[in-house]
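Protein chains: 2
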Amino acid sequence: MSVDAGQVKELREKTGAGIMDCKKALTEASGDLQKAVDYLRQKGLSVAAKKVGRSTDEGVIGSYVHMGGKIGVLIEVNCETDFVAKNPDFQAIVKDLAMQVAAPPVPLFVGREDVPKELLDKEREILAQQAREAKKPENVIDKIVTGKLEKYYSEVCLLEQSFIRDEDLKIKDLLTQKISAFGENITIKRFVRFQVGEKT
Amino acid sequence: MSVDAGQVKELREKTGAGIMDCKKALTEASGDLQKAVDYLRQKGLSVAAKKVGRSTDEGVIGSYVHMGGKIGVLIEVNCETDFVAKNPDFQAIVKDLAMQVAAPPVPLFVGREDVPKELLDKEREILAQQAREAKKPENVIDKIVTGKLEKYYSEVCLLEQSFIRDEDLKIKDLLTQKISAFGENITIKRFVRFQVGEKT
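Sequences listed follow chains A and B, in order. Quick note: the first sequence uses the working numbering, first residue 7, plus one each step. Quick note: the second sequence uses the working numbering, first residue 7, plus one each step.
The set of hints was computed from the structure by calculation and includes no laboratory data. Bear in mind the structure is a predicted one, so any value in this text is a computation, not a measurement. It is possible that part of the hints are untrue.
To be verified - Restricting the straight-line Cα-Cα distance to at most 25 Å, the calculated cross-link-like pairs of lysine to aspartate or glutamate (DMTMM-like) are:
1) K76/A with E64/B
2) K76/B with D102/A
3) K92/A with E19/A
4) K76/B with E19/A
5) K76/A with D63/B
6) K149/B with E131/B
7) K205/B with D63/A
8) K184/A with E204/B
Produce the entire structure from the sequences given, and follow the hints as far as they go.
Shown next as structure tokens:
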């Protein structure tokens, strides 16, 4: 099959992989961009796949204060070098991420592995109870709970949320794009969100 | 004795008490300003004394990012009404307090009652050990430890720190002044400080 040049360009931007690898991936994936991304990841050919896991000791602290000081966010986003940390494009991402944390749904954790087991067990229990009350057959309850847990993650975990500037992009995919673009691993280390009057 | 008009003015600014009360306090204190402040506090005549303890559900979240994004602070300062929260002078104090948290010595707690007992016991033990190693007599060690603990508090507790804009003023005294000035209770609820690369 012939490979669309626009798709090659898009795939390169998304993964940072070489032209020939992108063409091969798109051929293997019959022109399906997401499948091509997965193919490159599996082959370890995307720049992002090679960068993830590298230590990130540099970075930027970003802040965002909203609603005349009623909501405030502080976030630490890390990269590998001070050179990237000083890049205005990197700093713009940090600002966007701070805004993301300020906006609903309010994230409570960075990634799904940060949700405490206790909280997860409780959530699971509530979801199972709801399914039973809705008279769902016992043999599908596990599946329903797993599905709803995904929704829960997509609300409370920053990496699983849809990006406020592009609903189709998850934050973790945004990071992958930026890892490709900057050629460095990028991680979100931590954030806090204060709202005036909230119980603590 | 005759009372100095400048002192009356200073005392009024500091406590918000009435002119006659300030004159009486300065007479009782033989012109010693700090004693006059204490006198007004004891008598419950300072505005600040009357305001402290009142609930503070309004306020402002302030942020301060320093050193090109290497250090960031988020702080919540509360007051009683949104009217005061919107006052630019109040917001300037919040900004100053955020800067204070960013600067060394880095505060870890709001007030001395926020220092965990465990940490305090450990600090006490270290200080006693140091005093013993310096061959101090056993009967004065308690006194030495208490004195050094005060120094510890003045470093790790924001309220006990010297204000970055006026070394002679503790943060808690700055708040007292502002409580008088605004006629509302003002409290520091919480703060966080992020520094890129620090262990967490």
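Hint by hint, here is what the structure shows:
no.	hint	result
1	K76/A with E64/B	9 Å, holds
2	K76/B with D102/A	17 Å, holds
3	K92/A with E19/A	21 Å, holds
4	K76/B with E19/A	29 Å, violated
5	K76/A with D63/B	11 Å, holds
6	K149/B with E131/B	13 Å, holds
7	K205/B with D63/A	10 Å, holds
8	K184/A with E204/B	23 Å, holds
Hint 4 from the earlier list is the only one contradicted by this structure; the remaining hints agree with it.
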